[in-house]
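Residue numbers (the working numbering), protein chains in the order written: chain A, 1 to 112; chain B, 1 to 111.
It is worth saying that the hints were derived from the structure and are not from the lab.
Virtual Cβ for every residue (Gly too), placed ideally from N, Cα, C.
There may be inaccurate statements among the hints.
Below are the DSBU-like pairs computed for lysine-lysine, each with C-alpha atoms no more than 35 Å apart in a straight line [what the hints assert, rightly or not]: (1) A:K65 - B:K2; (2) A:K69 - B:K67; (3) A:K17 - B:K2; (4) B:K2 - A:K71; (5) B:K56 - B:K67; (6) A:K17 - A:K69; (7) B:K42 - A:K69; (8) A:K65 - B:K56; (9) B:K56 - A:K69.
Here chain B is said to cover these stretches of chain A; the calculated rule only asks that three of the stretch's residues, wherever they fall, bring their Cβ under 8 Å from a Cβ of chain B [to be verified]: (10) 21-30; (11) 38-46; (12) 69-79; (13) 91-100.
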Amino acid sequence: EAQVTQNPRYLITVTGKKLTVTCSQNMNHEYMSWYRQDPGLGLRQIYYSMNVEVTDKGDVPEGYKVSRKEKRNFPLILESPSPNQTSLYFCASTTSLDYGYTFGSGTRLTVV
Amino acid sequence: QKEVEQNSGPLSVPEGAIASLNCTYSDRGSQSFFWYRQYSGKSPELIMFIYSNGDKEDGRFTAQLNKASQYVSLLIRDSQPSDSATYLCALRSGGYQKVTFGIGTKLQVIP
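Looking at chain A on its own, in the form it has when it is part of the complex (with noise of 0.2 Å):
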């Protein structure tokens, strides 16, 4: 089956200590994104990927880092979490941003 797969759904944390969410696609999708969506303000793109080796910033950056050392993979790395992380994660791919993104099932992050 077509899709992708985020890991944990949920995670408790506390402030500062490192964590890493995985997202994973077996489509063979150039395109990843990560978003992060919050009431009131929908989603919003915190880094994206065109291929491997290849990322750049979205419109809220600050406090994450990603890598595309394989195609398939695409993890989201919080080094020092804060409360105003905590949100719902989304990550995305597809072969062409013109056909529209295709979802994993999202990761409730806490933080407190």
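Chain A is fixed; fit chain B onto it per the hints.
Relative to chain A, chain B alone:
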């Protein structure tokens, strides 16, 4: 001005009616437009994309694009309670490798 503007709603329509969801955008260079549906607690799901001025129909859904007026709309005919969800408008700005979303309009279809 936000890149993509949507009324957050809720928009309430009776079952069987036509639901009309609207979206305006600021960048005249935007080239690809998308409508996603998001059920509560779920991830966004692509319904349609449209590139050219005019209408594009897919089953009960029709997307309409007017680049001169900078708006895109989604019509849902014969609305069903299962259509109750938040509908997200998104676009790709010309020359940019990013897709920007509106905040979404919550649709409630009343049985």
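Against the structure, the hints come out as follows:
| no. | hint | verdict |
| --- | --- | --- |
| 1 | A:K65 - B:K2 | holds, 26 Å |
| 2 | A:K69 - B:K67 | violated, 39 Å |
| 3 | A:K17 - B:K2 | holds, 34 Å |
| 4 | B:K2 - A:K71 | holds, 32 Å |
| 5 | B:K56 - B:K67 | holds, 14 Å |
| 6 | A:K17 - A:K69 | holds, 23 Å |
| 7 | B:K42 - A:K69 | holds, 28 Å |
| 8 | A:K65 - B:K56 | violated, 39 Å |
| 9 | B:K56 - A:K69 | violated, 38 Å |
| 10 | 21-30 | violated (count 0) |
| 11 | 38-46 | holds (count 6) |
| 12 | 69-79 | violated (count 0) |
| 13 | 91-100 | holds (count 4) |
When each numbered hint is compared with the structure, violations occur for hints 2, 8, 9, 10, 12.
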